[in-house]
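S.K.: With the sequences and hints as input, model every part of the structure.
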Amino acid sequence: MLTYLNEAKAIWFRDLRSEFRTRYAINAILMFAFTTLVAVSFSLGSFRISDSDKPFLYAALLWIILVFSALSGLARSFVKEEEAHTIDILKLSARPEAIFLGKLLFNLTLLGILALLIVPLFILFMGYRIEHQLYFSMVVLSGVLGLGAGTTIVAAMIARASVRGALFSALSFPLLFPLMITAIKGCERAATGMDVAGWHEVKLSVAYLVIMVTLSLFLFPLVWEE
Amino acid sequence: MSVQTPAYSLELKNVAKHFGRTLLFKKVNFHLHPGEIIAVTGWNGSGKSTLLRIIAGLIRPSAGKVNLLKSGVPAGSDGRRKFTGMVSPALALYDELSAVENLNFLARVRGADITEQEILDMISAVGLQGWEHALYGIYSSGMKQRLKMAQALLHKPPLLLLDEPFSNLDSKGISRFDSLISERRRAGMIIIASNEQREIEYGDRIVNLSE
Chain P
1 MLTYLNEAKA
11 IWFRDLRSEF
21 RTRYAINAIL
31 MFAFTTLVAV
41 SFSLGSFRIS
51 DSDKPFLYAA
61 LLWIILVFSA
71 LSGLARSFVK
81 EEEAHTIDIL
91 KLSARPEAIF
101 LGKLLFNLTL
111 LGILALLIVP
121 LFILFMGYRI
131 EHQLYFSMVV
141 LSGVLGLGAG
151 TTIVAAMIAR
161 ASVRGALFSA
171 LSFPLLFPLM
181 ITAIKGCERA
191 ATGMDVAGWH
201 EVKLSVAYLV
211 IMVTLSLFLF
221 PLVWEE
Chain B
1 MSVQTPAYSL
11 ELKNVAKHFG
21 RTLLFKKVNF
31 HLHPGEIIAV
41 TGWNGSGKST
51 LLRIIAGLIR
61 PSAGKVNLLK
71 SGVPAGSDGR
81 RKFTGMVSPA
91 LALYDELSAV
101 ENLNFLARVR
111 GADITEQEIL
121 DMISAVGLQG
131 WEHALYGIYS
141 SGMKQRLKMA
151 QALLHKPPLL
161 LLDEPFSNLD
171 SKGISRFDSL
181 ISERRRAGMI
191 IIASNEQREI
201 EYGDRIVNLS
211 E
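Going down the list, the protein sequences come from chains P and B. Numbering-wise, the first sequence is residues 1 to 226 according to this note's numbering. Numbering-wise, the second sequence is residues 1 to 211 according to this note's numbering.
Incorrect hints may appear among the rest.
Claimed, not checked - Capping the alpha-carbon separation at 20 Å, the derived lysine to aspartate or glutamate pairs in EDC-like fashion look like this:
(1) K144/B x E82/P
(2) K144/B x E83/P
(3) K9/P x E116/B
These are computed hints drawn from the structure, not numbers from a lab. Computed from a prediction, not measured in an experiment: that's the story for all the values here.
M.R.: Now the structure itself:
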């Protein structure tokens, strides 16, 4: 187990180093996120939205920005290996499970940066009032982890396809839909101050994460080896 | 008390490959032992590189079996990862990493216990001293070929797969590779896929896929 984790860590650090030097994925994700956030905040600023509609509407907009920003860049983790022809050296050297974990950690790092920058800006620009801040933070955290797990396995599946961009969104969206609905509901509850004692949405998102990672660890070797 | 190092051998049984209806080769059989070199030759498109990719475990054969045996027991897919080194025109290392970073990364994911000094020594052995910290992306094609050889030899694999190993090399590079191949021949098994006479001549046996 320790050797798997060491190999995964090596892949994670290598991807971070490459990303730090090229900034392909992070630029794509952040550019999409910032332009969408600015467009949303300007366009909604001209409408009068009732206070009762705001919690749901803002939660939905926040997760639309997060999910589609993620879709704009996370496929790169596997696609760049295919495009740069480094996929064979990776296959020759590392075990599939370690590759999946390494890529997952890399995608989670990118998503963490995205969430840390975009969520506070969204709250600031939109005047988003949140009653249960801890619950909101936990919903965002568990949602982002689930988002990373869902997109990483799809990124591996589409790496060899010719129409990768369209396929990535088309395959990811149905897979991410239950997570999005859960996260939107959780953020809405956190904003309105409804009872959050059961931590329902956080539990559901964590369950989604566990199921996705477990399934991916079984499926990934089949996807990866031819 | 003497410690015996495990004896490796490679066994191919009725290996065949076709892509759709196009048959590349069928019934490829051989047994390779330590200290031996097999040269795989054949016309363009006869499947030389594909056969090496099958042996490396990168693609599956359409029929037949490839067994890397460790003391007579199949080493499995993880064994092949640790015990195989490959040089091929289709392989690429990471452009945005230096030679040292590339080799250090590959050593770590292979779980090989290799020191920084051993990495530097290997880089020198292929004639890239002075370029250790330059990015792979700025290397010439001959320098890239040298670093590919370094990564293939770094973890001291018992099986070395060389697909057109001298391509893009200058005369000094060929001379270095010649020494490295001769050195590795004593320690392990080598398969060379090529149409070049000087590369085929290394083979103790020749497998011609066009026949």
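S.K.: Please go over all the hints and tell whether each is borne out by the structure.
M.R.: Verification of the hints:
1. Between K144/B and E82/P the alpha-carbon distance is near 18 Å, which keeps this suggested pair within the 20 Å criterion.
2. Pair hint K144/B plus E83/P holds up; C-alpha atoms about 17 Å apart against a cutoff of 20 Å.
3. Between K9/P and E116/B, the direct Cα distance comes to roughly 18 Å. Compliance with the 20 Å bound is thereby established for this hinted pair.
The earlier numbered hints are all upheld by this structure, with none contradicted.
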